[in-house]
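Participant: Below, each chain spelled out in residue letters.
4 protein chains.
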Amino acid sequence: MKVGFVGIGAMGHAMAQRLLDGGHDLVIWNRTRSRADDLVARGAILADTPADVARQVRIVFSMMFDDASTEQAVFGAEGIALSLARGAIHVCCATLSLAQARRLRDGHAGREQIYVGATVLGRPPAAAAGELFVITAGEDEALKRVHPLLECFGARIFDAGRDPVQATLVKLSLNFMIYSTIEQMAEVFALNEKAGIDPHTIFAIMTNTFYTAPVHRNYGKLMVAHEYDHPGAPPVTLGLKDMKMFLDAGGEYDVPLPYASVVRDRLLSAISAGDANRDFVVLMERARQDSGLK
Amino acid sequence: MKVGFVGIGAMGHAMAQRLLDGGHDLVIWNRTRSRADDLVARGAILADTPADVARQVRIVFSMMFDDASTEQAVFGAEGIALSLARGAIHVCCATLSLAQARRLRDGHAGREQIYVGATVLGRPPAAAAGELFVITAGEDEALKRVHPLLECFGARIFDAGRDPVQATLVKLSLNFMIYSTIEQMAEVFALNEKAGIDPHTIFAIMTNTFYTAPVHRNYGKLMVAHEYDHPGAPPVTLGLKDMKMFLDAGGEYDVPLPYASVVRDRLLSAISAGDANRDFVVLMERARQDSGLK
Amino acid sequence: MKVGFVGIGAMGHAMAQRLLDGGHDLVIWNRTRSRADDLVARGAILADTPADVARQVRIVFSMMFDDASTEQAVFGAEGIALSLARGAIHVCCATLSLAQARRLRDGHAGREQIYVGATVLGRPPAAAAGELFVITAGEDEALKRVHPLLECFGARIFDAGRDPVQATLVKLSLNFMIYSTIEQMAEVFALNEKAGIDPHTIFAIMTNTFYTAPVHRNYGKLMVAHEYDHPGAPPVTLGLKDMKMFLDAGGEYDVPLPYASVVRDRLLSAISAGDANRDFVVLMERARQDSGLK
Amino acid sequence: MKVGFVGIGAMGHAMAQRLLDGGHDLVIWNRTRSRADDLVARGAILADTPADVARQVRIVFSMMFDDASTEQAVFGAEGIALSLARGAIHVCCATLSLAQARRLRDGHAGREQIYVGATVLGRPPAAAAGELFVITAGEDEALKRVHPLLECFGARIFDAGRDPVQATLVKLSLNFMIYSTIEQMAEVFALNEKAGIDPHTIFAIMTNTFYTAPVHRNYGKLMVAHEYDHPGAPPVTLGLKDMKMFLDAGGEYDVPLPYASVVRDRLLSAISAGDANRDFVVLMERARQDSGLK
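Chains as they are written, first to last, in our numbering: chain F, 1 to 294; chain Y, 1 to 294; chain L, 1 to 294; chain X, 1 to 294.
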């Protein structure tokens, strides 16, 4: 199938590659054109604008960095919405605010285009291996059409509902669970360390008893190793962006989220401490700082 | 081996049974004597006091309900410490405060008795199946001596350190992780429910992606089912006791624990709402209440 | 002096009246024209648009409801900025977000117009009596020019700095102190009530010892009387708007604000409880609800 | 009247002096006898034990440091309760936990002695000037008897109820209001400082508008001056003791106290930062630290 892909960052690139691997014809666009060189070498067509991509396909994916870049790529002067055909589908995979997801939904609906939310869990290497988790929401018929494409990069595909905005809220919620698990473990590690118990010890106990999930193992491992500067680490600023969107969602639905506020404060404090660009697990160091451990 | 066991509540009973199954001779004591009938029928000797138990063995287990009952069973007028021989071992399995654990350690040391901390993770059915997790701390030599006994009920035995108090802190920490995971999921479920996403939906996504641990699956399942009144449910008051001990540990080591304070407030609020004796996962309902969902 | 005034709501009306009382000639604008009838009867000229006001004066005040209405009145198609002369002054009295205050500052600067921040503390009756507190920020020279006008409605005029945005931050901060004092007292009242001490009793002790400020007396009095529905009461939604702007300010400067987050959660919970339009002191009821007092 | 006074620390000494000034005959006791030299020089009789004091009077005051020292002075081997006559009164002025206040109430009642709670607000210089605030609770008749004595050091005397424990809860509550006001101002000062507004500026605005209470002026002044080491400063550890007792009171009545928990965390963090013995207003520095201001 001929498929569009707008936004070839680290994640988008891996996803696009998987679509190529799956035998699909790609029309792609990226702000930095050189990022697409290898895909072009493999047969992808490089378009000049998101609108050019959308004009050539019935299904276009987008994976932009944030609300603003998505807004620009979709509703900007050369955006997807400008040329996407009636009844054609825009599958948005980015992590957005609810407000932005609604703008996409309503903007596309006003043009009789179809918007599908398909947020993803996992990092670029997982995408490259076809092992992402994909959370979809949208019209049944549209989901059926995009399903075979999502399977190119997604190991499991979940259905969150008929309103595409729901894929966004579920994604924000699951991201919150990452940060709050980090804070939870940070409090445990700080207290145990101060009481003379090596965090490695309790980490080992934890992850061999009831706390065996990837969220425990993967982040806890970085925490006890104080490993905050590895290549590709998602930075504190990304965490703050996520938490802001999650708290804003709470604000829209009048839902108090006390844990989320604690996480937000930790992330702000991490930035104030100069750690803005380190892996967000560095919020561990705020618990240690508050406990006199550094 | 001839082994003592003081405190045959639901958990202690299951553990004692496993020791019998393992071929050991038991001398037991319980405040309510009839709780021990079936063990006696299987050959266990019922003593009149904890001191009577301790007099007859080189290793005595205790599994009392809390600090006060442990203090009484160990240092009371007819307590274990009164008659336990020099060099004999008291293996305490209860979840205690750090202060109480230290009193045990120091009180036994002053009598040249040996104190081993061996806190357990899991509920009575797990104990009965020999599938507890056991967290030990104490002198190497003593741990070696009790290890074969712990294996009767423990599927895995972890070493938390040489100071028996460490087994207590690790246990309190892991319990905190249960409550804080419940709060974390409660915030997620409340927000999603209010936004029109069935908590079952996000629970299913959660537990099939990065949040696959027993702590997610077991408690989350009860939460989305609003199942708070099943037999044997650990009550809110137990949760509050645990959180008080965890926060007191933070107080002793000058470690701020903001998440723990949020949990404490939820548990207090649950009690004020009349839910003191329901499963502590009912704190889910506080998040729902605050969101106008009930 | 001939002075402009844009936005004749309850507060703006009282301020405009004081300017008339002070012998100034007013050119005014309001979305709902009839609100200005009595001012016109006293000689004020009613303009068709904010731009019409600004065209006729060297100093124009604005007192709009929020960011959006201020943005529209200043930079909209018929806004103040369109016609305000170079070197003329816009004195903005509304409570805005820092982001909006910066837009005003920069937008006016780009047109060589002068922006003065002059936020006010107090309610309409205080304005009518000339007893507001005014917090100014801006260029020295401009402040000198507007000072005699501010004295028409302000009993005291404070200088917060040379950057007009500073008047906004100080105002947001002082508003936060209102809400956080309410929460503080709510926790005290709830605990004392539950322990059998009438909140009136501790309120009387409080306000006759170290807690004698208007912020204690005025809000505490409403709290112990459970008086949440009096005419002109500032609603929970207003409080939430303020707290959002304050927390966003923290977000911009990477300053954690744990108390502010607690207040935000209380306000959200009040809205979920159906109290959106009651006096924001109703957050007292959230503390009572959490304590089982209602 | 012949009056007993047990506990001549800085505060007790000033109060005792005022009783002497009022023409009363004092029988006093203090652990460190030399603290009483000047009082003895003025005619006070120095007793060997609290029991010796109580034996000689119908009204005995106590002003010990904490729960433990009060327990010892009242119910210890040579304690007040041992020899206080039936119908005689013990007026306890110390800041205690509710649990300790109840022990006093019930212990005295069991001996047909009368217990009056008379907690005090103010520091030693205020006591020396007769300007304390006194919060009383107890039987009407007993309060009448002690009233003239309380007037020796109290500028105002408040009635909190018939149960002496109520004087304790009110005192704990008012102390909480000190700490929470400090945290509230700390958040404001940190944010404003980071935004380029000198805390002195907003402090001046605050204390000349709606935030004019002693609690604002006295503590705020120390905060903006970073003055944490003046002689007689009440230390962080004292603050932590107060907050623990307040939170425990919340625990007894199932009242969540989220602000109190934030304060507790700040105080713990201050101790971890090495500030245990500095004026508790140093918690200001935790807000600054979290904001990258130091």
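None of these hints come from the bench; they were simulated from the model.
Note that the structure is predicted; figures quoted are calculated from it, not measured.
Treat the hints with caution; some may be incorrect.
Among the chain X residues that face chain F by a calculated CB cut under 10 angstroms, a handful are [as the list claims (entries may be wrong)]: (1) Ala126; (2) Pro214; (3) Ser272; (4) Gly274; (5) Gln289; (6) Ser291.
EDC-like cross-link-like pairs, simulated, lysine to aspartate or glutamate; straight-line CA separation at most 16 angstroms [unchecked claim]: (7) F:Lys194 - Y:Asp254; (8) F:Lys194 - Y:Glu252; (9) Y:Lys241 - X:Glu252; (10) F:Lys241 - L:Asp248; (11) Y:Lys244 - X:Asp66; (12) X:Lys244 - X:Glu112; (13) F:Lys244 - L:Asp66; (14) X:Lys294 - L:Asp254; (15) L:Lys241 - F:Asp248; (16) L:Lys194 - X:Asp140; (17) Y:Lys244 - Y:Asp67; (18) X:Lys194 - L:Asp163; (19) Y:Lys194 - F:Asp163; (20) L:Lys194 - X:Glu252; (21) Y:Lys241 - X:Asp254; (22) X:Lys244 - Y:Asp37; (23) Y:Lys244 - X:Glu252; (24) Y:Lys241 - X:Asp66; (25) L:Lys244 - L:Asp37; (26) L:Lys241 - F:Asp229; (27) Y:Lys294 - F:Asp254; (28) L:Lys244 - F:Asp37; (29) F:Lys241 - L:Asp66; (30) X:Lys241 - Y:Asp67; (31) F:Lys244 - L:Asp248; (32) Y:Lys2 - Y:Asp67; (33) X:Lys241 - Y:Glu252; (34) L:Lys194 - X:Asp25; (35) Y:Lys194 - F:Glu139.
Beta-carbon label-pair distances, calculated as ranges [said to hold, decoys possible]: (36) Y:Gly196 - F:Glu151: 24 to 32 angstroms; (37) X:Ala129 - L:Ala276: 46 to 54 angstroms; (38) X:Asn208 - L:Asp248: 21 to 29 angstroms; (39) X:Pro214 - L:Glu131: 55 to 63 angstroms; (40) X:Ser34 - L:Ala225: 38 to 46 angstroms.
Glycine residues also receive a C-beta, built at the ideal position from the N, C-alpha and C atoms.
Participant: Now tell me, hint by hint, if it's right for this structure.
Facilitator: Now the hints, each set against the structure:
no.	hint	in the structure
1	Ala126	violated, 34 angstroms
2	Pro214	violated, 30 angstroms
3	Ser272	holds, 3 angstroms
4	Gly274	holds, 7 angstroms
5	Gln289	holds, 8 angstroms
6	Ser291	holds, 5 angstroms
7	F:Lys194 - Y:Asp254	holds, 9 angstroms
8	F:Lys194 - Y:Glu252	holds, 10 angstroms
9	Y:Lys241 - X:Glu252	holds, 12 angstroms
10	F:Lys241 - L:Asp248	holds, 12 angstroms
11	Y:Lys244 - X:Asp66	violated, 21 angstroms
12	X:Lys244 - X:Glu112	violated, 31 angstroms
13	F:Lys244 - L:Asp66	violated, 21 angstroms
14	X:Lys294 - L:Asp254	holds, 14 angstroms
15	L:Lys241 - F:Asp248	holds, 12 angstroms
16	L:Lys194 - X:Asp140	violated, 22 angstroms
17	Y:Lys244 - Y:Asp67	holds, 12 angstroms
18	X:Lys194 - L:Asp163	holds, 14 angstroms
19	Y:Lys194 - F:Asp163	holds, 14 angstroms
20	L:Lys194 - X:Glu252	holds, 10 angstroms
21	Y:Lys241 - X:Asp254	holds, 13 angstroms
22	X:Lys244 - Y:Asp37	violated, 44 angstroms
23	Y:Lys244 - X:Glu252	holds, 12 angstroms
24	Y:Lys241 - X:Asp66	violated, 25 angstroms
25	L:Lys244 - L:Asp37	violated, 35 angstroms
26	L:Lys241 - F:Asp229	violated, 38 angstroms
27	Y:Lys294 - F:Asp254	holds, 14 angstroms
28	L:Lys244 - F:Asp37	violated, 44 angstroms
29	F:Lys241 - L:Asp66	violated, 25 angstroms
30	X:Lys241 - Y:Asp67	violated, 22 angstroms
31	F:Lys244 - L:Asp248	holds, 10 angstroms
32	Y:Lys2 - Y:Asp67	violated, 26 angstroms
33	X:Lys241 - Y:Glu252	holds, 12 angstroms
34	L:Lys194 - X:Asp25	violated, 41 angstroms
35	Y:Lys194 - F:Glu139	violated, 21 angstroms
36	Y:Gly196 - F:Glu151: 24 to 32 angstroms	holds, 27 angstroms
37	X:Ala129 - L:Ala276: 46 to 54 angstroms	holds, 49 angstroms
38	X:Asn208 - L:Asp248: 21 to 29 angstroms	holds, 27 angstroms
39	X:Pro214 - L:Glu131: 55 to 63 angstroms	violated, 23 angstroms
40	X:Ser34 - L:Ala225: 38 to 46 angstroms	violated, 53 angstroms
Of the numbered hints stated above, those contradicted by the structure are hints 1, 2, 11, 12, 13, 16, 22, 24, 25, 26, 28, 29, 30, 32, 34, 35, 39, 40, listed in ascending order.
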